[in-house]
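Visitor: Take a look at the letters that make up each chain.
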Amino acid sequence: MTIIFIILSITALTGAISAIFLKNLIYAVYSLLLLFVAIAGIFLMLMAEFLAVVQILVYLGAIGILVLFGVMMTRNISGASSERILSRGWFFGLVISVLMLFGVLIPGLAFSELSSSPAVETITPSVKEIGIQLMHLNTPALWLTAVLLTAALIGAVVVAVPRNYSSKLFLTYKLENKNKSSK
Amino acid sequence: MIPLEYILLLSAMLFTVGLVGVLTRKHAIIVLISVEIMLNAANLNFIAFWRYNPSPDLHMGTMFSLFAIAVAGAEVTVGLALVIAIYRHYQTLDTEALNRLKE
Amino acid sequence: MAAVSQSEILWIALIPLLPLVASLVIALINPKSKGLGVSIAMIAMLGSLVLSFKAFYMTWHLDGALFFNFEWLRAGSQSVELGVLLNSLTGSMLAMVTFVGLLIFIFAGSYMDHDERKTRFFCYLCLFASGMLGLLIANSILLLFMCWEIVGLASYLLIGFWFHKPEAAKAAQKAFIATRVGDIGFLIGILLVFKYTGTFVFYSSNGLGILQDIGLTMLTSHTNVILGLNAAGLVALLFFVGAIGKSGQLPLHIWLPDAMEGPTPVSALIHAATMVAAGVFLVARTYPLFAADPITLSVVAWFGAATALFAAIIALAQYDIKRILAFSTVSQLGLMMVGLGTGGVATGMFHLLTHAFFKALLFLGAGSIIHGCHDEQDIRKMGGLLKYMPTSSVCYLFGTLALCAFPFTAGFFSKDAILLTAWSKSQPIFWISASASFLTAVYMTRQCVYVFLGKYRGRKSPHESSLQMTVPLMILAVISLVGGYVATSFHVNHYLDGSDHAEHLQIVVIISYCISLGGIFLGYVFYKRGKLGEGLPDPLELLIGPIYRVMENRFYVDEVYNGTIYKVWDGLGCFAQLIDEILNLKKLITVGIVRFFAKFFAETTDEKFINGLAFDGVCHVVQESAPIATRMQNGFFSGYLRTVSIGVLLLGIIMWVSFGS
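Chains as they are written, first to last, in this note's numbering: chain A, 1 to 183; chain B, 184 to 286; chain C, 287 to 947.
Hints listed in this document are in silico derivations from the structure and should not be mistaken for laboratory results. As the structure is a computational prediction, the values presented were derived from the model and not from experiment. Ideal placement from N, C-alpha and C gives every residue a C-beta, glycine not left out. Treat the hints with care, as some may be off.
Per label pair, the in silico range of CB-to-CB distance [claimed, not checked]:
| # | chain 1 | residue 1 | chain 2 | residue 2 | range |
| --- | --- | --- | --- | --- | --- |
| 1 | B | 265 | C | 459 | 27 to 37 Å |
| 2 | A | 23 | B | 265 | 19 to 29 Å |
| 3 | C | 459 | A | 62 | 41 to 51 Å |
| 4 | C | 940 | B | 277 | 33 to 43 Å |
| 5 | B | 237 | A | 49 | 45 to 55 Å |
| 6 | A | 7 | C | 929 | 30 to 40 Å |
| 7 | B | 188 | C | 300 | 50 to 60 Å |
| 8 | A | 62 | C | 480 | 42 to 52 Å |
Given the sequences, and given the hints that come with them, work out the whole structure.
Guide: Next comes the structure, spelled out in structure tokens:
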């Protein structure tokens, strides 16, 4: 069990680190996908099968591909080889991150009393239970999520459609309306 | 079984890697990717705590993660739309070149 | 108090919800369909009005309070409850706010006719109304605070509605910031209440609410918390700080006159009926807290009296018709505070209610006049309007009479009650309030002489306003004339706080007659004789010379603030600049590590070390001390992110330190 976990962790960390530091964006996205898969594996180990499936579907299937398209639609795929990939004063950022790890996160772990093994040995397959929970206790949140996703969808279209194009769209719509009303 | 610390440690490290990406890289898409890594680390925490708490049958951790994933989806959608809009406007995704916030 | 929890009164939550829904709907409809937006707003307001009158009717036969609480959120063992409350205070205010509000809506429907963004305007108005009504029915100091902030936000949007005028945009910011100063005190008070009692609700079915006996005992048992005050007194004073900000008392009155840059219906809504009344209402609502410590009530009374006189003096030397009314509002709010501080809930609230009607009338009348005179606000360029716009003028004069406390108008009864209680509590406060009332009569007469008598001094000839604007004026005028008498004969004191009407003292009655009649007479004689007009000095200026100039410039309070507070602000700027430069130490570290990571640092070191840290940087600190913000704001995206994460980092560390792991 532990060995599988360690392998998955190393995969996840490798994926994450290479996603951050690879110069070629396409490769970076691929290693991000590797991270997603590893996380899904850990979810499976923790008996959250449903979430593992969701992770694969949403992160790999949707978000990963979306980012990939995003990369392809913006030209600078590999980046000029001479260009630096780190921003100005990156060292400062690195220091902050390391401080965050060793100053906040790890002490938080070290000083807490954590159980070494799960309280419940096995969890029965849970999709039905999750569905019930979703429709009972969490219905308002579900609605809000639906609204949020719709808003995000519309917002993304509005933002991403070129301005002249959208105004053209709007104009034709207006013209059509005018023609209709004149008839 | 694996002790809870291990999972939390992994999640902390993933979070830090994500933070490093956000704070040091200058390509906008990479920054977006790093935020995704951080979100994944947070989800991992939710699931770990859920698995190790006395009553996992309530599925609270799962619920949290599900909604977090939904929000992450929305975030990436809008983020990429912005990236594309910015790229179209400035022909670059270098966050150093995008300094209009100054004005 | 026979107070039992009753869920039947949950329907009063609809009163604020209707305008809220209306504002959301109006926000979503096509901004071009003005008629639709206005009618949605009117219907919502009408619904609230009907419900409010039902609530008002219920409170007539009600002894004590009806309330309904529900749990809003729970964190550990602490639960936060919100709720609605209905008692006589709520009932009367609801009726007043919805009624005056509806009239203002009707007026605004015509007044804003040629504004492009009329629909938006009504959206804000509805938001404002819902915040105000929510504030009235809140049974929890937390809910009250939320609505309080909604009101603040809506007033910001409304005052700055014509944001293309720089003055309006500035005035909106000023209003927002000045009230924010008060709100900080209010917020601290709320937190303290929670600390001492563990609850936010006013009345609770288990008797632990902060206005009930047990809750009050919990507060008063903490004696000598600070400066000899007990906890209740401290909390009450902090609430009063919030009320000072909202109700424009000294020294935070500065935003109120500037807020006149907004459209006139807004001025009426904000300055007459609602927003400024919120502060007074807050004091009245939490009156048991104030009463629990004797010092606080006298603080309230003294602040009120000082404000009343101060604002009245300033109003004597203003030329902008709305500005005079604004200072008059400040002055009247001071009187209400005097009423609360010396007499109790009934005295202050009675004046608040009558004042709301006649001040709304005056503001709407002023709006009508401004509209008729082609957006002219300077009273020197008006004159003789009695001939040109008779309806508006007569209504305005009735409002003036009520404000001057002319015998048997609405203002007379309420102001009389305040003077009466002030007389019995403290002579100095009485004389200050009395002189403020006297000045009120004088400056209102001055204004009327300027505006209505003599010859018209403007260019384009004025015209009477449309019926949609004058009908609300007439309704309000009738109430201003007879409202006080009706209310007194229905035993308003007993209704508001269960007390009986105080005995009339001959001497006080005589003094208040003298004040109003004498003030009006003096003002009339004095200003009728003098020559009025643009470019001509005011008759008073001839009399007192340079003092008049000081009054006209509002005792230079704004300038003093510019000179002091902004200086402190600049000083803080220097400090922040210093911190910024300390942050630059990261460049030192860069230099230390450069040998090991020469490859990465070759390009940055030169620029940062030589330019940033050495000579230039030091000179920079010395030379430029003020504009730190521009330095931090360098448009460098990652820099912002790093600053944010430093904050998160510090928060995390503080958490570890403070919780001691």
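Visitor: Just pull the numbers of the violated hints for me, sorted ascending.
Guide: 5
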